[in-house]
Structure formats: C-alpha cells, structure tokens
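Number of protein chains: 4
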Amino acid sequence: MGISLKKARVIVRKTLQAGRDMDLKPLSVIVVDAGGHVQAFEREDGASPGRFQIAQGKAYAAVMLGIPSSSIGNMAIERPHFGASLNAAFDGKVIPVAGGVLIKDRKGEIVGAVGVTGDTSDNDAAAALAGVQEAGLEGVA
Amino acid sequence: MGISLKKARVIVRKTLQAGRDMDLKPLSVIVVDAGGHVQAFEREDGASPGRFQIAQGKAYAAVMLGIPSSSIGNMAIERPHFGASLNAAFDGKVIPVAGGVLIKDRKGEIVGAVGVTGDTSDNDAAAALAGVQEAGLEGVA
Amino acid sequence: MGISLKKARVIVRKTLQAGRDMDLKPLSVIVVDAGGHVQAFEREDGASPGRFQIAQGKAYAAVMLGIPSSSIGNMAIERPHFGASLNAAFDGKVIPVAGGVLIKDRKGEIVGAVGVTGDTSDNDAAAALAGVQEAGLEGVA
Amino acid sequence: MGISLKKARVIVRKTLQAGRDMDLKPLSVIVVDAGGHVQAFEREDGASPGRFQIAQGKAYAAVMLGIPSSSIGNMAIERPHFGASLNAAFDGKVIPVAGGVLIKDRKGEIVGAVGVTGDTSDNDAAAALAGVQEAGLEGVA
Chain A
1 MGISLKKARV IVRKTLQAGR DMDLKPLSVI VVDAGGHVQA FEREDGASPG RFQIAQGKAY
61 AAVMLGIPSS SIGNMAIERP HFGASLNAAF DGKVIPVAGG VLIKDRKGEI VGAVGVTGDT
121 SDNDAAAALA GVQEAGLEGV A
Chain B
1001 MGISLKKARV IVRKTLQAGR DMDLKPLSVI VVDAGGHVQA FEREDGASPG RFQIAQGKAY
1061 AAVMLGIPSS SIGNMAIERP HFGASLNAAF DGKVIPVAGG VLIKDRKGEI VGAVGVTGDT
1121 SDNDAAAALA GVQEAGLEGV A
Chain C
2001 MGISLKKARV IVRKTLQAGR DMDLKPLSVI VVDAGGHVQA FEREDGASPG RFQIAQGKAY
2061 AAVMLGIPSS SIGNMAIERP HFGASLNAAF DGKVIPVAGG VLIKDRKGEI VGAVGVTGDT
2121 SDNDAAAALA GVQEAGLEGV A
Chain D
3001 MGISLKKARV IVRKTLQAGR DMDLKPLSVI VVDAGGHVQA FEREDGASPG RFQIAQGKAY
3061 AAVMLGIPSS SIGNMAIERP HFGASLNAAF DGKVIPVAGG VLIKDRKGEI VGAVGVTGDT
3121 SDNDAAAALA GVQEAGLEGV A
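Protein chains in written order, with my numbering: chain A, 1 to 141; chain B, 1001 to 1141; chain C, 2001 to 2141; chain D, 3001 to 3141.
Hints are computed from structural coordinates only; laboratory data are not their basis. Mixed in with the good hints there might be a few duds.
Derived Cβ-Cβ restraints for the label pairs, each shown as a range [stated by the list, open to error]:
| # | chain 1 | residue 1 | chain 2 | residue 2 | range |
| --- | --- | --- | --- | --- | --- |
| 1 | A | K6 | B | I1077 | 20 to 26 Å |
| 2 | D | K3025 | A | G92 | 42 to 48 Å |
| 3 | B | A1084 | A | G136 | 40 to 46 Å |
| 4 | D | R3106 | C | G2108 | 42 to 48 Å |
| 5 | B | G1035 | C | K2107 | 37 to 43 Å |
| 6 | B | A1088 | A | K6 | 42 to 48 Å |
| 7 | A | G46 | D | A3088 | 29 to 35 Å |
| 8 | A | S48 | B | H1081 | 27 to 33 Å |
| 9 | B | A1084 | D | A3089 | 24 to 30 Å |
| 10 | C | G2108 | B | R1020 | 47 to 53 Å |
| 11 | B | M1075 | C | G2108 | 36 to 42 Å |
| 12 | A | S4 | C | E2138 | 19 to 25 Å |
| 13 | D | R3106 | B | H1081 | 34 to 40 Å |
It should be emphasised that the depicted structure is a prediction, and the values quoted were computed from it without experimental measurement. Glycine residues also receive a C-beta, built at the ideal position from the N, C-alpha and C atoms.
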C-alpha cells in the first residue's frame, strides 16, 4: 500500500512543524494510504474535537479521485450538483476543500495523501505540502 | 433483465478500446442491467480507487430514470433542489453527470446502461457511446 | 495498489471457469485491490441481481481484516456480538462468510482479494482459490 | 477534554513498544479524548487497512459508556439484544471486545481511552494497559 508508518510519522511531524513556523492555528493532520485508509493522525491541543473527520475527508477525497482536494473543490464550485453527488456517493466521507494533498513516490505513483485542517484551507494545504516535501516525497496540492 | 454477460463484456472492452483510440486518461467502465444492478466492471491501471462509485452512479442514474445521465445533469443544473432530492431518494447512488449511456436493443427497449469515468464527462460519454455501438447495440448519450 | 487489470481479468475468468468445471450454479466474481476497492467484476447469466453486494462484502471483509472471510465467519459464529459490530463498524459492507479469498504476490504481500457468490459458501471459496492459483498467484481461503 | 497530544503520543509509542516486547502481531493504536474523539492514531506496517475502525470502536465504546470495552463485551455476550442496540444507538461505532482501555488521571477522572487491535483481544488489552501505565497514567482494562 506504499506508505510506511515511519514515513507517515515524519509527514505528520513536519506538517505540524510547518504550521508552527507559519504561526497557524492548532492543526490536525492525517496520513492515509493509497486506498484511503488511515495510517497516522495527530490533533494538536486546542483543535476542536471534530477535526479528525475534516482532515480525513480531505485526504480521502484526494486519494479516491486521484487529484488534490483543492481541485475537487473547484469542481464542486463550478458544478454544485456534481459536488453534492460526490458527497452522497462516498457516504459523506468526501470534503472537497483545499488541504488534501496527494503524496507521490519517486516513480510518480500515488502512495497516499495528507489531510490538514485548522487554519484557512489554503494555509492548511501549504502546511501539508511543506510536510510532504520535508519528508522527501512529492506533494500535489 | 436483458443483457448477457457476454454482451456486457464486449461493451466494456470496446469502451476501453475507444478510450485508448481517443487517447483518454485511464477509464473505469461499468455495465448495469435494466434493474440498475452491476453486470460487469473493469478499472484500468492508473485509475483512482474511487472510480467504481462514480461509474456506477452515472449508469444507475441513467437506468433508474430512463434517460442518459447527461440529461439528469442538465435537470440538476436547472433545478438544484431536484438534483439534491434525487441524491437523497436514491441513497446517494446517483451521479448526474454525462457518461451514463442507455443501452437499447433492436426493439428499442432499454436493456441496461454503461457508466464511464476517468476523463472529461463529455469524453467519458463519447467512449461509452462508441463502446455500445461497436457491440452492435444502440446507445443513448 | 498491487493488482493489475490484466491479472484481475485472468482471476475472474479462471474462477468462472472453475465454477463451470465444478458444475456450480451461476457465479458472480469480484476482484478488489489491497485497499478493498473494486478492480473487476462479472456476474454470470442466471445469477440474481444482488450478487454484486455479496461478492464485494466477502472480498472487502478479507482485505480489511487481512484474513479470509471464512475465518471472519468463524469469529462471528463464536462471538456473535463481534460479528454484529464488524457489520456496523464497516457500514454494512462486510459479509463474514466463506468465499472471500486473499490474493498474495510472490513476496507474500496481500495485493487484494477475490469474492465469489452463487453456490454454497464452501464451493464459492473453492472456485475462488482455483481461480487465484491458475492465475499464478497464491490464494488464502 | 483532558489529554494532551504530547501525552497521547507517549501512550501510542509505549503501547506499540509493549506489542513488540510481547512479540504480538502488527498493532494499530488509537487514543481518544474524554469525548470519544480521535487525538492520535498509528497503524504499524503489516496491519490490515481496516484496523482504524476496530481500534476506534473499542476506545469509543469504553469512553462513551465509562467502562472498559472488555466489560461491554461481557454485557453483549450475556444480553445480545443490548449489544445489538448499542451498535444501533451509536451508529455502528462501538466494538464491544477487549482492547479498549480507559485512561484516568491522578484524580481518578477519565481523560480518554486507548484502543488496540491486531493480536488476540486479550493481548491487545494487555499492550494498551502497559502503554497507559508506562506513560504514567492509570489504565482500566
């Protein structure tokens, strides 16, 4: 399934570190594997209790459609009926908003995604991208 | 319910072939019977893992309402409340976007639908239509 | 995600062939990848329309828990409350009955699962196992 | 809600360490807060993809009822109708099986729970208990 716990841990830590460096609000960070299943998650102190679902929804959306959640967000803005039907087709588990960033390995294959929530969607995505890159992988935001 | 596995297989293969001839992104193709139930499905290498739900939603929508999913998409754009209620009434299994193409037999009876996803919706529909026609059946996109 | 469409097709065909060789009732066969997502599916003529869900539930259960669905069935018999909670925790998508067979590659890694339904559960599993083996992979039933 | 990310991390690591010391199969470990919401999660390499749901269900059950999940398991065995209704009342998120261990602070207040899955339920619970204790907190298994 392509992403080790060791690597996932580094991504989570580097993303949280990026959040602190950027002076963002408390973040929650998930790493899902290439099948959209949770590998690791951490929620910073001060983050609200529902942040797991949001982080998961962003990362899950990215992996299931093979594009970053920001792009899915644009599709949902341009075609609201498509956004609504995606939510429904995936049992409400898709969050079509920036912050779900694809993780690719050196061959360019998708090995999972990071999902970040807590600050503005664009800041969430920036922190996620920084986290993936500092872990030595390619991120697609 | 009117569509044999043998015929469904031909449709899947011809649709995938059409995708390759048109140089489209990796496609996922479903054939559902006249009751909207899965008869055959194939997902090409490189397609994201959530493509089954999208292909199914397009084909299911077409069969359940008896019109191609592109027409349902137009209805959802013109009357968003109707699109939303379709999602709810069909337990989230309807994707009102082009790519769900009705299959008719020689008598003009609907025997099922093909659902395609992977490229733009219009290209998905074009590949589906080509697949149905090359299988010697009539498609309504 | 470890299983190509080409390989999945071979497994489906070999499993259906095994069913015919064993003189079983019409079968439905799914191949899911290592994340539990549909790669290929075929339903033989004469099979009832709800067979997709059953085939999927067997294969999905095997992949999500990393053991063949027959073993999950035994757990559900010994501890019914655990079987019930599995159904619920996985949104009703788990079928804890024989016929969901793990697929391993040469390194022994799980690359997906086959799910078969149509005859007795034990026959379903036997056909699945034969299909995986004839495709040159290791099956765990 | 009483459990810091720093503390949650220590519990996750100590629990995984306990699993390795006890030579258990790959474990998945969740820490939820006093409201049952995910604080941290890690899934070891080799663990099957559905382990998040199971770990969560054990920890969630413990916190929501204020007793370890092993006790809820006993209740479900003695009164199956109660077990079934718990599943329903909590939207399928309750796994009434050993491995969901309450975490108490020095005042004896419940601050969260650990959920562990991967080996036998009893071993899962033993690893969770060890993890909580080595983090300097009181566990109730």
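Results of checking the hints against the structure:
Restraint check, A:K6 to B:I1077: a C-beta distance of roughly 47 Å breaks the suggested window 20 to 26 Å. Range check, D:K3025 to A:G92: Cβ separation about 32 Å, and the 42 to 48 Å hint is violated. A beta carbon spacing of about 44 Å between B:A1084 and A:G136 agrees with the range 40 to 46 Å that was offered as a hint. Taking 42 to 48 Å as the suggested C-beta distance range, the pair D:R3106 and C:G2108 conforms, at roughly 46 Å.
For B:G1035 and C:K2107, the hinted distance range of 37 to 43 Å is satisfied, since their beta carbons lie about 42 Å from each other. A beta carbon spacing of about 43 Å between B:A1088 and A:K6 agrees with the range 42 to 48 Å that was offered as a hint. The hint said 29 to 35 Å for the Cβ distance between A:G46 and D:A3088, and at roughly 34 Å that hint holds. The hinted range of 27 to 33 Å is satisfied by A:S48 and B:H1081, whose Cβ atoms lie roughly 31 Å apart.
Distance hint check: the CB atoms of B:A1084 and D:A3089 are about 28 Å apart, consistent with the given range 24 to 30 Å. At roughly 34 Å, the beta-carbon separation of C:G2108 and B:R1020 lies outside the given 47 to 53 Å, and the hint is violated. The hint said 36 to 42 Å for the Cβ distance between B:M1075 and C:G2108, and at roughly 51 Å that hint is violated. Checked against the hint of 19 to 25 Å, the C-beta distance between A:S4 and C:E2138 comes to roughly 23 Å, which is consistent with it.
Checked against the hint of 34 to 40 Å, the pair D:R3106 and B:H1081 fails, with Cβ atoms roughly 56 Å apart.
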